[in-house]
Amino acid sequence: MLQFKIIPVTAFQQNCTLFWCDETMEAAVIDPGGDFALIESAISENNLKLTKVLLTHAHIDHAGATHKVASFYNVPIEGPHKEDQFWIDLIPEQKERFGFSDADFFKTDRWLNQNDIVTFGNIELEVYFCPGHTPGHVIFFHRASKLAQVGDVLFKGSIGRTDFPRGDHPTLIHSIRSNLFPLGDDVRFIPGHGPMSTFGEERQTNPYVADSVVS
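Quick note: the sequence shown uses my numbering, first residue 129, plus one each step.
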């Protein structure tokens, strides 16, 4: 069975998420944006064996500690989609702009695409390509527990920003409506920031993507 722990990191309080298989205790960390000590502590406290780093996208608050975590645990990096190489190349510039002192450039070991599967222990996560916030954003879905980690695509009551370079508002709306909502109203999701919600709640109440506001 999938277990998870949300670890808010950096001044942006980004929801770095630790996923693990409670049968094998193998784990993956999604979006290690920073605060390496907090991530290391959560892995240690739960007696986990980290086997990979997963990335939804390459904005620095989600990817800043990727190199440090992958190097420390000697694990591969999977994700995001190849279109976010654009943002990985900008890690030094992002580091300077946002004051991330220990963020480093990294090279992903596996680009992810629509309908790919990532695994750790006995857990399989489905990958959905959801551009708009960034050009290479992906999300991870565990069908058995109806749980998704959606990065900065969708939030409780809001959606991801599209005013950064290569952001696109209509593309983001399409990603949410065509890739996320069909997974089911009862799916809980962990957003990149803030509290969890369900796709059903957002379909009813989200002022940007609710059924009543998007034809």
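These are calculated hints, taken from the structure and not from any lab test. Ideal placement from N, C-alpha and C gives every residue a C-beta, glycine not left out. Certain hints may be false.
[Unchecked claim] Here are the computed distance ranges between Cβ atoms for each label pair: (1) Val341 x Gly312: 18 to 26 Å; (2) Phe233 x Ser340: 25 to 33 Å; (3) Val341 x Asp237: 34 to 42 Å.
[To be verified] Here are the simulated PhoX-like pairs of lysine-lysine, each with C-alpha atoms no more than 25 Å apart in a straight line: (4) Lys235 x Lys210; (5) Lys177 x Lys196; (6) Lys274 x Lys284; (7) Lys235 x Lys223; (8) Lys223 x Lys177; (9) Lys210 x Lys196; (10) Lys196 x Lys284; (11) Lys274 x Lys177; (12) Lys177 x Lys133; (13) Lys196 x Lys133; (14) Lys274 x Lys223; (15) Lys235 x Lys274; (16) Lys177 x Lys284; (17) Lys223 x Lys210.
Do the hints match the structure? See the list:
| no. | hint | result |
| --- | --- | --- |
| 1 | Val341 x Gly312: 18 to 26 Å | holds, 20 Å |
| 2 | Phe233 x Ser340: 25 to 33 Å | violated, 44 Å |
| 3 | Val341 x Asp237: 34 to 42 Å | holds, 40 Å |
| 4 | Lys235 x Lys210 | holds, 11 Å |
| 5 | Lys177 x Lys196 | holds, 16 Å |
| 6 | Lys274 x Lys284 | holds, 17 Å |
| 7 | Lys235 x Lys223 | holds, 16 Å |
| 8 | Lys223 x Lys177 | violated, 29 Å |
| 9 | Lys210 x Lys196 | holds, 21 Å |
| 10 | Lys196 x Lys284 | violated, 30 Å |
| 11 | Lys274 x Lys177 | holds, 24 Å |
| 12 | Lys177 x Lys133 | holds, 14 Å |
| 13 | Lys196 x Lys133 | holds, 20 Å |
| 14 | Lys274 x Lys223 | violated, 35 Å |
| 15 | Lys235 x Lys274 | violated, 31 Å |
| 16 | Lys177 x Lys284 | violated, 31 Å |
| 17 | Lys223 x Lys210 | holds, 21 Å |
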